[in-house]
Amino acid sequence: MIVELPQTTISKVSKKLQELRESGGVVSLGRVLTLIVETDLEHLEEAVACANGASRLHPSRIIVLATSAQAAESRLDVEIRVGGDAGASEVIILRAQGEVLSNKESLVTGLLLPDAPVVAWWPAQSPENPSGTEIGAIASRRITESANEPDPIAYLRSLAKNYQPGDGDMAWTRITLWRSQLTALMDLHQGRKVTAATVYGSASSPSAHLLADWLGLNLGVDVALETQLDGELVQGIGGVEITFDSAKLSMIRTNQVAHISQPDAPDTSVLLPRRTDLDSLIEDMRFLGEDLGYAQVLLREYR
Amino acid sequence: MTNPLRGFEDRRLQKIAGPSGLIMFGVTGDLSRKKLLPAIYDLLNRGLLPPAFSLVGFARRDWSTEDFVSVVHDAVKQHARTAWSEEVWLQLVKGIRFVSGQHGDPEAFERLKQVVDELDQERGTAGNHTFYLSIPPRDFPLVVNQLDESGLAKAGPGQFRRVVIEKPFGSNLETARELNDVVERVFPEDSIFRIDHYLGKETVQNILALRFANQLFEPIWNGDNIDHVQITMAEDIGIGGRAGYYDGIGAARDVIQNHLLQLLALTAMERPASFDAAELREAKETVLAATRSPEPLDEHTARGQYASGWQGGEEVKGFLEEDGINPQSVTETFAAMRLDVHTPRWSGTPFYLRAGKRLGRRVTEIALVFKRPEHNLFGEGATSQLGENALVIRVQPNEGVTIRFGSKIPGASMQVRDVTMDFAYGHAFTEDSPEAYERLILDALLGEPPLFPRQREVELSWEILDPIVEAWEHQGAPEEYAPGSWGTASADQMMARDGRAWRRP
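In the order they appear, the protein sequences are chains A and B.
Counted from 1, the first sequence has number 177 at position 177 by this note's numbering; the numbering is strictly sequential.
Counted from 1, the second sequence has number 433 at position 433 by this note's numbering; the numbering is strictly sequential.
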């Protein structure tokens with residue numbers, strides 16, 4: 001069900017939500033968190049679809065704040081989606097413009113679930129200082145999207161400068177599968193000394209940079225970022241090579257499969273699909289609180 | 001040496017099993033098709049199996065590897081929990097092999113050994129193999145001996161060999177020991193993984209979280225506040241095609257010995273010093289060792305057989321008329337018993353267990369029923385509609401926790417009535433819970449033992465149950481109960497003698 005509330009206020013929205021709950025049996029019990037999505041009108045539907053998907057795994061109230069600051073008129077239009085139109089969640093879309101935006105916090109405070117943690121996500125444009133924003137300040141977990149920034153590496157630097165516990169970036173989430181597999185592989189080569197390592201990845205991919213940084217930090221060697229693999233430019237992440245004293249471990253991805261070759265074992269392969277935004281958001285919503293691994297890499301390499 | 005990439009506990013990184021293979025006996029059985037093979041696919045789909053993972057099927061059928069692959073394919077398509085993906089499937093197929101042979105044929109085990117050696121060479125399973133015996137216990141001695149004699153059971157340096165066995169772990173203390181001797185002669189105790197699939201269930205693991213991660217419950221989790229505990233495992237179906245197994249075994253040995261006593265142990269145990277496997281098992285064993293049925297047994301136990309009749313719109317056969325059941329069988333399809341846990345925490349608080357087939361509905365739950373408060377504030381009349389407070393852990397279906405307490409009925413007079421507060425897993429975490437078998441197979445591959453009972457627990461459970469089942473053997477035919485009911489009248493009388501009643505689950 002979709003309820004439109006044009007030119008309204010948050011207290012009217014609250015009342016409407018209560019009404020929907022009593023008449024339609026739409027319950028907000030069992031919701032474990034509030035997800036605030038700050039985006040622009042252009043990315044709105046995409047973000048809602050993704051958040052809806054994630055709510056199937058983490059039932060949440062989703063508040064989407066879609067802003068357009070340029071408009072002259074000051075007004076707030078609200079759309080409430082519940083039941084079949086909202087996955088396992090209830091979605092409240094706030095289209096706000098003009099002076100209404102001068103107090104963003106007041107737009108969401110009245111709609112937060114009591115006691116439940118708040119997650120903020122910026123799928124379109126991410127702020128330089130996530131915890132310094134009005135929305136970021138009330139969230140315990142803040143998820144930015146460095147890959148959407150014009151200069152992702154410069155953006156990572158500003159994230160490092162302003163880092164607060166609870167910050168996280170999707171570029172980091174996208175490399176979890178790589179990190180898991182590499183860690184499991186390295187279990188088999190604990191006796192070997194690592195002398196060098198290379199990540200094959202795109203220079204503009206913050207994920208490729210973070211993977212190289214993570215390897216460098218933990219292996220204690222300089223990790224090269226090669227942008228070409230077999231004479232072709234790599235999109236995203238193409239593979240990883242770890243060199244030992246006398247042998248080499250490599251994991252190269254083509255399509256969805258990573259081919260592994262390593263010393264003292266036959267070649268093999270493992271499924272390593274590119275992660276969707278949905279998968280990443282689901283993973284991020286599972287870990288509320290400080291992400292120490294991310295903090296370590298970000299603060300060491302970008303501050 | 002350590003792995004430099006495991007710098008600190010990184011919660012994002014999933015535990016992926018090391019290179020290893022799984023060798024399954026009894027791949028043609030129902031359990032394999034419906035649970036085990038789909039669970040393997042789901043694990044692979046979740047990225048938790050190693051790249052080298054291989055699956056070898058061993059069975060009497062005259063199948064080729066291709067035949068077996070198509071059996072796995074159908075099982076996965078029908079029963080897997082996660083979505084079908086051609087890529088995942090192709091990845092799995094690369095490691096599938098089949099060996100055809102009799103359990104008694106040494107040559108078949110030679111062939112199996114060859115296949116296993118080849119997998120080590122070609123796929124890099126690195127000499128690590130887990131044998132999953134999904135076969136009747138009477139075949140254990142034969143298979144285990146063959147594994148021993150063919151050299152398959154022997155691990156080289158830095159390698160492992162593990163064996164996974166399913167219930168029943170014997171039918172009494174003596175046969176449980178015999179069975180264990182057979183397996184332990186070849187595999188060391190820490191390589192034996194006994195599967196009780198109840199322990200793989202999220203709700204069962206949550207008992208520990210509920211009790212020990214919260215301050216809310218543990219202070220009242222004792223005999224001072226709790227009047228008694230009821231543990232119920234009810235099925236609405238009959239014995240189905242399991243006549244051959246079920247006749248002579250019965251409800252008590254089939255599910256109380258393992259599932260219900262494990263639930264009792266987790267509910268009644270003291271706080272373990274850590275979640276370490278040894279500590280956890282220690283805590284459960286202490287409780288099981290302190291648990292006994294009070295004398296006289298016939299007053300504190302009850303048993304029954306389901307009669308024929310109409311159940312929920314369907315005409316069903318009575319137990320004695322089921323195909324393959326001896327019409328004179330005295331095997332019980334319903335069992336109820338009182339057990340006393342002789343620890344300071346539970347002194348005076350009995351545990352009532354009941355399990356059966358063809359009962360009112362399919363449900364497994366643990367209900368802690370609280371004592372009544374002194375009603376000096378509200379009169380008899382005000383609280384006449386108020387039952388006892390209760391905390392119910394719903395193990396299946398609709399997994400979750402219910403708390404029942406009294407609340408004032410709106411209006412001018414002070415009337416108090418029961419209301420419930422409900423936590424449902426499906427609402428708070430819609431995240432698909434992994435199947436119990438996924439967790440258990442992965443833990444066996446990882447070599448993590450906390451969820452597997454060890455032999456001592458099995459023996460202690462039989463020590464509790466043996467006297468009861470022996471007493472029943474001298475009591476003649478069990479009482480009948482109507483299909484779709486909640487068991488025998490004697491089970492209700494057993495509660496009434498203690499001044500209590502079964503709750504309706």
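Hints may contain errors.
Below, in silico cross-link-like pairs of lysine to any residue (SDA-like), each with a Cα-Cα straight-line distance of 20 angstroms or less [as the list claims (entries may be wrong)]: (1) Lys15/B x Ser269/A; (2) Lys248/A x Gly241/B; (3) Lys94/B x Lys193/A; (4) Lys167/B x Gly411/B; (5) Lys371/B x Gly241/B; (6) Lys193/A x Leu216/B; (7) Lys167/B x Gly241/B; (8) Lys113/B x Leu152/B; (9) Lys15/B x Gln164/A; (10) Lys16/A x Glu145/A; (11) Lys113/B x Pro141/B; (12) Lys12/A x Gln70/A; (13) Lys94/B x Gln256/A; (14) Lys15/B x Pro273/A; (15) Lys371/B x Arg361/B; (16) Lys193/A x Pro137/B; (17) Lys94/B x Asn255/A; (18) Lys15/B x Thr183/A; (19) Lys167/B x Pro137/B; (20) Lys94/B x Pro266/A; (21) Lys15/B x Gln97/A; (22) Lys371/B x Arg454/B; (23) Lys15/B x Leu188/A; (24) Lys94/B x Gly231/A; (25) Lys15/B x Lys16/A; (26) Lys113/B x Pro266/A; (27) Lys12/A x Glu145/A; (28) Lys248/A x Gly499/B; (29) Lys94/B x Ser261/A; (30) Lys94/B x Glu107/B; (31) Lys94/B x His189/A; (32) Lys15/B x Leu292/A; (33) Lys77/B x Thr183/A; (34) Lys94/B x Pro273/A; (35) Lys371/B x Lys167/B; (36) Lys94/B x Thr254/A; (37) Lys15/B x Thr176/A; (38) Lys248/A x Ser407/B; (39) Lys34/B x Leu13/B.
Hints listed in this document are in silico derivations from the structure and should not be mistaken for laboratory results.
None of the values given here were measured: they were computed from a predicted structure.
Given the hint that lysine 193/A pairs with proline 137/B, test it: the Cα-Cα distance must not exceed 20 angstroms.
violated, 48 angstroms
So if I understand the rule, the pair passes when the alpha-carbon distance is 20 angstroms or less; does lysine 371/B with lysine 167/B pass?
Roughly 36 angstroms separates the two Cα atoms, so the pair is violated.
Quickly compare the C-alpha distance for lysine 15/B and glutamine 164/A to 20 angstroms and report which way the hint goes.
The hint is violated at about 28 angstroms.
Does glutamate 145/A sit within 20 angstroms of lysine 16/A, going by the straight-line distance between their CA atoms?
Distance ~33 angstroms between lysine 16/A and glutamate 145/A Cα, so the pair is violated.
Run the distance test for lysine 34/B versus leucine 13/B: straight-line Cα separation, threshold 20 angstroms.
Between lysine 34/B and leucine 13/B the Cα gap is close to 29 angstroms, so the pair fails against 20 angstroms, i.e. violated.
Given the proposed pairing of lysine 94/B with serine 261/A, does the C-alpha separation stay at or below 20 angstroms?
With a Cα-Cα distance of about 16 angstroms, the restraint between lysine 94/B and serine 261/A holds, given a limit of 20 angstroms.
Restraint check for lysine 371/B with glycine 241/B, where alpha carbons must lie at most 20 angstroms apart
violated, 43 angstroms
Are lysine 94/B and asparagine 255/A close enough, with their CA atoms no more than 20 angstroms apart?
holds, 18 angstroms
Holds or violated: are the alpha carbons of lysine 15/B and leucine 188/A at most 20 angstroms from each other?
Holds, at roughly 14 angstroms.
Quickly compare the C-alpha distance for lysine 113/B and proline 141/B to 20 angstroms and report which way the hint goes.
Between lysine 113/B and proline 141/B the Cα gap is close to 18 angstroms, so the pair holds against 20 angstroms.
Does glutamate 107/B lie within 20 angstroms of lysine 94/B when you go C-alpha to C-alpha?
violated, 25 angstroms
For the pair supplied as a hint, lysine 77/B and threonine 183/A, is the alpha-carbon distance within the 20 angstroms limit?
Between lysine 77/B and threonine 183/A the Cα gap is close to 31 angstroms, so the pair fails against 20 angstroms, i.e. violated.
Hint compliance for this structure: hints 2, 3, 4, 5, 6, 9, 10, 12, 15, 16, 21, 22, 24, 25, 27, 28, 30, 31, 33, 35, 38 and 39 are broken, all remaining hints hold.
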